[in-house]
Amino acid sequence: MWREWIPFWHAGISPYGGDVDLLFWGLVIVSGLVLGLLFFLLLYFCIRYRAGNNVDRRNHDEKSWRLEVGWTTASMLAFLGLFIWGAVVFLKIYQTPGDELTVFVVAQQWMWKVQHVGGQAEINALHVPINRPIKLVMASQDVIHSFFIPALRLKHDVVPGRYQDIQLQISRPGHYHLFCAEYCGTDHSRMLGEVVAMESADYAKWLAEQGPSNSLAHEGESLFRTLGCSGCHENSTAVHAPSLAGLYGKPVPLSDGSTVIADEKYIRDSILLPRSQIAAGYQPIMPSFQGRVSEAQLLQLVAYIKSLAGQHP
Amino acid sequence: MSEPGDIAAHLSSPKQRDEVLELGMWTFLSTEVLLFGGLIMTYMVYRHADPVSFAEAGRQTRIVIGTANTAVLLTSSFCVAAAIQAGQAGAARAVKALLAAAIILGTIFLGLKGVEYAGEYRDHLVPGIDFMQSGPHTQGVRLFFIFYFLATGLHAVHLLCGIVVLIIFLRCYRQIVCHPRYLAGLRTAGLYWHFIDVVWIFLYALIYLPGRSG
Amino acid sequence: MKNYLTEDYTLRSWFFTTDHKRIAILYFASLIFLFFIGGAAATLIRIELATPQADLVSSDTYNRLFTMHGIIMVWFFLIPSVPNTLGNFIVPLMIGARDLAFPRLNLASWYLFMLGAAITLLAIFMGGVDTGWTLYTPFSTLYSNSYVAVAAAGIFIAGFSSILTGLNFIVTIHKLRAPGLTWYRLPLFIWSLYATSIILVLATPVLAITLVLLAAERIFGIGVFDPRIGGDPLLFQHLFWFYSHPAVYIMILPGMGVVNELITCYSRKKIFGYKFVAWASLAIAAAGFLVWGHHMFVSGQSLTASLVFSFMSFVVAVPSAIKVFNWTATLHKGTLRFDAPMLYALGFIGLFTMGGLTGLFLACLAFDVYATDTYFVVAHFHYIMVGGMVTAYFGGLHYWWPKITGRMYSEYWARAAAILIFLGFNLTFFPQFILGAEGMPRRYHVYPPEFQVWNVLSSGGATILAAAYLLPLFYLGYSIFFGAKAPANPWGATGLEWQTPSPPPKFNFDRQPVVDSPPYDYEHAPEPQNV
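Protein chains in written order, with the working numbering: chain A, 1 to 313; chain B, 1 to 214; chain C, 1 to 531.
Incorrect hints may have been included.
[As the list claims (entries may be wrong)] With a Cα cut of at most 20 Å, we get these calculated DMTMM-like pairs of lysine to aspartate or glutamate: (1) A:K135 <-> A:D165; (2) C:K270 <-> C:E527; (3) A:K135 <-> A:D99; (4) A:K265 <-> A:D99; (5) C:K270 <-> A:D61; (6) A:K92 <-> A:D165; (7) A:K135 <-> A:E68; (8) C:K270 <-> A:E62; (9) A:K250 <-> A:D99; (10) A:K63 <-> C:E523; (11) A:K135 <-> A:E122; (12) A:K135 <-> A:E194; (13) C:K275 <-> A:D61; (14) A:K135 <-> A:D56; (15) A:K250 <-> A:E234; (16) C:K270 <-> A:D56; (17) A:K92 <-> A:D21; (18) C:K275 <-> A:E68; (19) A:K250 <-> A:D269; (20) A:K265 <-> B:D50; (21) C:K506 <-> C:E7; (22) C:K270 <-> C:E523; (23) A:K113 <-> A:D187; (24) C:K275 <-> A:D21; (25) B:K113 <-> B:D130; (26) C:K485 <-> C:E411; (27) A:K63 <-> C:D521; (28) C:K506 <-> C:D55; (29) C:K270 <-> A:E194; (30) A:K250 <-> A:D165.
Worth flagging that the hints you see were computed from the coordinates, not collected in a lab.
The following block holds chain A by itself, in its conformation from the complex (with noise of 0.2 Å):
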């Protein structure tokens, strides 16, 4: 790679984290160029035509176009040019996480619970293994957080009543700090956490060490009939519900046209406002769960409707 050869540099340990510092460092070198030449030019400016100084003065209301369309489209030209450099560089942090390896989490005050699919779960840290792509699903209980990774050069907020996928993934062991970023409260500053990079055997290992548990989905499935969801969803006579067996990640009609991805969001969506997206030969008769589930127990169920999709309806 063509970056390697500049001193100094290295690649950091996320995917673009030697891209961010580039850009960064790019930017230090240009305002340091641009803050001497100014500082440059205003103390000699105040030396030499300081009153009293017997300098030539002659000419000085001269107008100078040149000089003004000059500097601005130096400027024009320069600022496009990081933006441009800024812009490659955030599609590359925020691109469209895939699905292979997912991990929940779920920001609260004042503390991050990490749910992983497994049933593994954790409180203020995150394991994971290193050099695969992770996606995150993220949750807020309650207020808007914000989840500030600094050693991978990663932020994104955590806004309630949505998710927020994202991907992550870490090229060398080790463990790294996650911060809360957007102020949420008496806590805010202490909702720290830990994320803790690990070799796959590693993580294969630690997966295993955390006693036995119900993964997320078999946790979800006894939610499931506990909230009575089975009993119109699962083969009723008296009530007609969609089935959910191979729904996730399916096209749904909707009764008003249109059509949606049944992913994460629909399903959390189809809980918690059901009247919203009815689908297409379905009475609107489904009643909310808001204020019944949390996000965590959400996350639950939604792995557990995950985990039908390949089943056949």
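Add chains B and C to chain A, keeping to what the hints say.
Only chains B and C this time, still in chain A's reference frame:
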């Protein structure tokens, strides 16, 4: 030839006085555009997200009262404009009658609005105070009625201020025909009154027509 | 010879005045008081942050401190500072008018401002607000146990003061200029205040409606920003920043306007590229309305929106850059003197440029992902607001002090204060760039120990800065009673305000001035009288 008292001490001519008043009022009205505009943008964002619910909510508004109010307000604007004409022509009694009519019509508007609000309260359509709706569109209806009460309430406050200003001018209707300074003031107040009218027309379209047109 | 100060000594003549000069003094006194309240909050914050642990105040108190610091400094100091003190005093004089277009509205503006300040201070005394000055939902509406609605009411009322001030300036500048004073003969201070007034008038109403929505949500639970019942927390951010980004231009444009006057006077030559600078002010005002989403790059707004806002943020930087180039070019072949106002102007150019360049860092999408909500942003805006705006305010204050008070201050102490402020400022805020680059988030009461070194430096700098800001109270205060009497034009400056005695008579000019020369006509200006 201007008399003492025709222009304030810091101004230099009647022409300057008139221009200052007019530019001042237009500038003030531009701030009002942004004020109501911000609220209307919020409405537009939520309406775009859920047009079906907004149409449903629109059908629950009382279009008879709304339309009657529109007629009332438009007539009052006519009265104010006519009062200014009468003031220019020196017809003091016409000024008095027309300003009184505008004030009465404005008050009728507020009265009808009060009746309308009472009805909405009975129908449990007041978010934050008494809101009970069922059906798939509850959330959208609630957002619609937040906008409805805030926008019409803000409008009513502005109208009330306008009525107070017109009452003040009514009380010196005699000076309006004698002193250009008072007529200039009335003209400025008229501009404000017409603007309140225009705002109402926008609100009418956003409140009473969704779900009813086409 | 009576002047506007000696015209009448009764309290009534002050509190019921319609004289723009007296109203400016009323604002000036109020702002000193409010600046020190906001400054006290800052002092407590910096003392607390000298150590990583909580050892001065509790977290709840700390959160209230930074919130009140932000609210008071933004709305109750920076926004009114130059427009309502220097603007009110100087604008009519500068354009050869007897007063502003609406003198009684001007007085009403001050009373509204004081009412707003009183209500906001009431919120502090009742127990404070802990949402941050940005009041983000749903924390502010559904979770905060503090006096949000009271503070919102105070800010709302103060907003009326802003709007009426802007309205007054727009009409005044359009209609009350002296005969012969065409737009291109106006001093650039007027152009800047005109651009500021446009923003005041168009942006503040959006803040007003946002605060109404916030208060209604908080008091009545209407749900407009509540995600559990269909509201959108991000809508609040869009509404808030639609006002608050232009607001930062409300804060800086007047300062830039002052710098134009200072650079020309103390170089004794006209500004380089007058028309470019004049139109750059308007360009900043216009483009400033189109960049608000750069506060929301990581909020979850669409990628397209982020791209557009980033691009526009670079666009808005261009006119500011033009101004910096033009100020520097004005020094070339000038006859430079380094009185205190000039030191402030030079400080402004350097510090504003540093703040502005770091703004470019933040406009760059990929870097902003890292730096937003860290101390990098805090350092950036303090460089512009304090290094830029407060510096310009002090510069203007010193420049026009002889005109306002009729007295000369101690040049020695003024220069000492200017230099001390510059040094204290840099020591306080430069380390914060480093803290941000190292990843320290903002609004943190306690922090990991690896951030302590730079925090200690910053707190040390803050001590120097606090002392430096106190200095002018003493030597300026002293000058009011014991300073040498000021002539009409001590600096040998151009501009109509210098053609009338110091202090001016109540109606400014004995005879309406007529203008037939270009602005900054230093070829024909009198010599300075304080060499």
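Tested hints:
1. A hinted pair counts as satisfied when its Cα atoms are at most 20 Å apart, and A:K135 with A:D165 qualifies at roughly 7 Å.
2. Restraint check for C:K270 and C:E527: the C-alpha separation of about 15 Å stays at or below 20 Å, so the hint holds.
3. Simply put, A:K135 and A:D99 have alpha-carbon atoms about 6 Å apart, close enough for the 20 Å limit, and the pair holds.
4. Restraint check: the Cα-Cα separation between A:K265 and A:D99 comes to about 14 Å, which is no more than 20 Å; the hinted pair holds.
5. Between C:K270 and A:D61, the direct Cα distance comes to roughly 7 Å. Compliance with the 20 Å bound is thereby established for this hinted pair.
6. Between A:K92 and A:D165, the direct Cα distance comes to roughly 14 Å. Compliance with the 20 Å bound is thereby established for this hinted pair.
7. Straight-line distance between C-alpha atoms of A:K135 and A:E68 comes to about 50 Å, which puts the hinted pair past the 20 Å bound.
8. Among the hinted pairs, C:K270 with A:E62 is consistent with the structure: their alpha-carbon atoms are about 11 Å apart, no more than 20 Å.
9. The suggested pairing of A:K250 with A:D99 holds, with an alpha-carbon distance near 14 Å, which does not exceed 20 Å.
10. Restraint check for A:K63 and C:E523: the C-alpha separation of about 16 Å stays at or below 20 Å, so the hint holds.
11. Of the supplied pair hints, the one linking A:K135 and A:E122 holds, its CA atoms being roughly 17 Å apart against a limit of 20 Å.
12. With a CA separation close to 18 Å, the supplied pair A:K135 and A:E194 stays within the 20 Å bound.
13. Under the criterion of a C-alpha separation no larger than 20 Å, the hint pairing C:K275 with A:D61 is consistent with the structure, at around 14 Å.
14. Between the alpha carbons of A:K135 and A:D56 the distance comes to roughly 67 Å, so the proposed pair goes past 20 Å and is violated.
15. Distance check on the hinted pair: A:K250 and A:E234 sit about 18 Å apart at the alpha-carbon level, within 20 Å; holds.
16. Note on C:K270 and A:D56: the hinted pairing holds, with a Cα-Cα distance of about 17 Å set against a maximum of 20 Å.
17. Simply put, A:K92 and A:D21 have alpha-carbon atoms about 14 Å apart, close enough for the 20 Å limit, and the pair holds.
18. Distance check on the hinted pair: C:K275 and A:E68 sit about 11 Å apart at the alpha-carbon level, within 20 Å; holds.
19. The suggested pairing of A:K250 with A:D269 holds, with an alpha-carbon distance near 16 Å, which does not exceed 20 Å.
20. With a C-alpha separation of about 17 Å, the suggested pairing of A:K265 with B:D50 holds against the 20 Å cut-off.
21. Distance hint between C:K506 and C:E7 is fulfilled; the C-alpha atoms sit about 7 Å from each other, no more than 20 Å.
22. Taking the CA atoms of C:K270 and C:E523, the gap is near 9 Å; set against the 20 Å cutoff, the hint holds.
23. Note on A:K113 and A:D187: the hinted pairing holds, with a Cα-Cα distance of about 16 Å set against a maximum of 20 Å.
24. Only pairs whose Cα atoms come within 20 Å are accepted, and C:K275 paired with A:D21 is rejected, the gap being roughly 40 Å.
25. For the hint pairing B:K113 with B:D130, the CA-to-CA distance comes to about 18 Å; that is within 20 Å, so the pair holds.
26. Restraint check: the Cα-Cα separation between C:K485 and C:E411 comes to about 14 Å, which is no more than 20 Å; the hinted pair holds.
27. Straight-line distance between C-alpha atoms of A:K63 and C:D521 comes to about 15 Å, which keeps the hinted pair within the 20 Å bound.
28. For the hint linking C:K506 to C:D55, the alpha-carbon distance of about 54 Å lies beyond 20 Å, and the restraint is violated.
29. For the hint linking C:K270 to A:E194, the alpha-carbon distance of about 59 Å lies beyond 20 Å, and the restraint is violated.
30. For the suggested pair A:K250 and A:D165, the alpha carbons sit about 19 Å apart, so the restraint of at most 20 Å is met.
The earlier numbered hints that this structure contradicts are 7, 14, 24, 28, 29.
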